[in-house]
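Line order of the protein sequences matches chains A and B.
Per the working numbering, the first sequence starts with residue 1, numbered consecutively.
Per the working numbering, the second sequence starts with residue 1, numbered consecutively.
Don't read these hints as lab results, they were simulated from the structure.
A couple of the hints might just be wrong.
Not the full set, but computed from the structure, chain B residues with beta-carbon under 10 Å of chain A [as the list claims (entries may be wrong)]:
| no. | residue |
| --- | --- |
| 1 | Glu3 |
| 2 | Gln38 |
| 3 | Arg41 |
| 4 | Lys42 |
| 5 | Glu45 |
| 6 | Leu46 |
| 7 | Tyr49 |
| 8 | Leu88 |
| 9 | Ala90 |
| 10 | Ser92 |
| 11 | Ile100 |
| 12 | Pro101 |
| 13 | Thr102 |
This structure is a prediction, so every number in the text was calculated from the model and none was measured.
Idealized CB from N, CA, C, for every residue including glycine.
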Amino acid sequence: ETGVTQTPRHLVMGMTNKKSLKCEQHLGHNAMYWYKQSAKKPLELMFVYSLEERVENNSVPSRFSPECPNSSHLFLHLHTLQPEDSALYLCASSQGTAGLTDTQYFGPGTRLTVL
Amino acid sequence: QKEVEQDPGPLSVPEGAIVSLNCTYSNSAFQYFMWYRQYSRKGPELLMYTYSSGNKEDGRFTAQVDKSSKYISLFIRDSQPSDSATYLCAMSATTGGSYIPTFGRGTSLIVHP
Numbered sequence: 001e002t003g004v005t006q007t008p009r010h011l012v013m014g015m016t017n018k019k020s021l022k023c024e025q026h027l028g029h030n031a032m033y034w035y036k037q038s039a040k041k042p043l044e045l046m047f048v049y050s051l052e053e054r055v056e057n058n059s060v061p062s063r064f065s066p067e068c069p070n071s072s073h074l075f076l077h078l079h080t081l082q083p084e085d086s087a088l089y090l091c092a093s094s095q096g097t098a099g100l101t102d103t104q105y106f107g108p109g110t111r112l113t114v115l
Numbered sequence: 001q002k003e004v005e006q007d008p009g010p011l012s013v014p015e016g017a018i019v020s021l022n023c024t025y026s027n028s029a030f031q032y033f034m035w036y037r038q039y040s041r042k043g044p045e046l047l048m049y050t051y052s053s054g055n056k057e058d059g060r061f062t063a064q065v066d067k068s069s070k071y072i073s074l075f076i077r078d079s080q081p082s083d084s085a086t087y088l089c090a091m092s093a094t095t096g097g098s099y100i101p102t103f104g105r106g107t108s109l110i111v112h113p
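Looking at chain B on its own, in the form it has when it is part of the complex (with noise of 0.2 Å):
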């Protein structure tokens, strides 16, 4: 079993839609979570973190985590062609000292106009 899993998608939708992206994982020592968005061409760059379980709100973005279930998800509201990209989720735990985030495969997402 991969420690996170995260479907590739493509995931298309309308523009306006609301967009749900999810990764579960296995190592229950994750305490940060994070989403990067990558578009075509460019370096990952960090979009929403959360520390533990709850939600998070920035503009159209919201993150939750749960930590009893193991999962994590990314909503957009309202979205836009120029959301159009791949979002990764990374997480990081203590165990053994080292802080270096673990990274799912990334969903590709497409908003259609």
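Same shape as in the complex, but just chain A (with noise of 0.2 Å):
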């Protein structure tokens, strides 16, 4: 595996169910962030990880939760979604802490569904 990969790539889930989307990175970078691409709208940063620890939540709602326990791994935990959470969740990772020529590197994204 090279890059970034995330598991699953589709997630049907009801809106009292509890799921985690995966991510894992195989570049050696030191950052990473979740993202939430909606239709025709910008992507949104919701969290941000710096040598596996959260430097920035975006004003995220508490039923999303990161979980970063290595600096390849980053984990968001799922529970009690709502419909309009249905989007695709992107992950990234960047080599250094976020400065400002860092390129982001994107996963293919896991299209969520909440029933």
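Using the hints, put the two standalone chains together into the complex.
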């Protein structure tokens, strides 16, 4: 595996379910990100981790809970979601700690549908 | 006013056409400008980046930044059906010590044979 991988690629869940999204980067990067991408809207930054510590939480509802056990793995735990949370969830990583010219490398995303 | 404005399209052009994709922005502190390409069912991939004003060319792609007008462009020459994708602009600044880029909502480009 190379680059940034995400599992599962597709997820359908009910509003009462609990599920987790997984991201893994094989690039030796130090920063990892969760984004939400909804149709016709800009990418919305959700969380940033740098060296396994959360450095930014962009006013995300508590039903989304991130976890970064090490610099290569990032999880997004989901519980009691709403239908409006249906979107493409993208993980990204970058070499440094979110510097000005840090290039972000994105995974393919998890397409989430909340029924 | 949104920080970054980008027309979602779709923009449909014939193969071989010159394509112009644009973004406007309001934050004069933006210094680093990027273009990402996103194919269907894939994550965005960095296409080009420029720092401050000016032009940058890479093969069939030219990125242009006009900071005085707060306007950036991506030109694609001799467009191909394989260029069909969504193109997202992104830009970042040093405000508050956070360099996280701000994205436009993307322009869908369709190049038909």
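Cross-check of the supplied hints:
At a threshold of 10 Å, the smallest CB-CB gap from Glu3 (chain B) to chain A is about 9 Å, leaving the interface hint in force. For Gln38 (chain B), the interface hint holds, since its Cβ comes within 10 Å of a Cβ in chain A; the closest pair sits about 8 Å apart. Below 10 Å, beta-carbon pairs count as interface contacts, and Arg41 (chain B) has one with chain A at about 7 Å; its hint therefore holds. Hint status for Lys42 (chain B) relative to chain A: holds, with the closest Cβ pair at about 5 Å, below 10 Å.
At a threshold of 10 Å, the smallest CB-CB gap from Glu45 (chain B) to chain A is about 7 Å, leaving the interface hint in force. About 5 Å separates the beta-carbon of Leu46 (chain B) from the nearest beta-carbon of chain A, less than 10 Å, and the hint is met. Checking Tyr49 (chain B) against chain A: minimum C-beta separation of about 7 Å stays under 10 Å; hint holds. The interface hint given for Leu88 (chain B) is met, as the beta carbon of that residue sits about 7 Å from the closest beta carbon of chain A, less than 10 Å.
Because the smallest distance between the Cβ of Ala90 (chain B) and any Cβ of chain A comes to about 8 Å, under 10 Å, the interface hint for this residue holds. Evaluation of the Ser92 (chain B) hint against chain A yields a held restraint, the C-beta minimum of about 6 Å falling below 10 Å. A hinted interface residue such as Ile100 (chain B) counts as satisfied when its beta carbon comes closer than 10 Å to some beta carbon of chain A; here the least separation is about 6 Å, so the hint holds. For Pro101 (chain B), the interface hint holds, the least distance from its beta-carbon to any beta-carbon of chain A being 7 Å, beneath 10 Å.
Interface restraint check: Thr102 (chain B) against chain A, minimum CB-CB distance 8 Å, threshold 10 Å, status holds.
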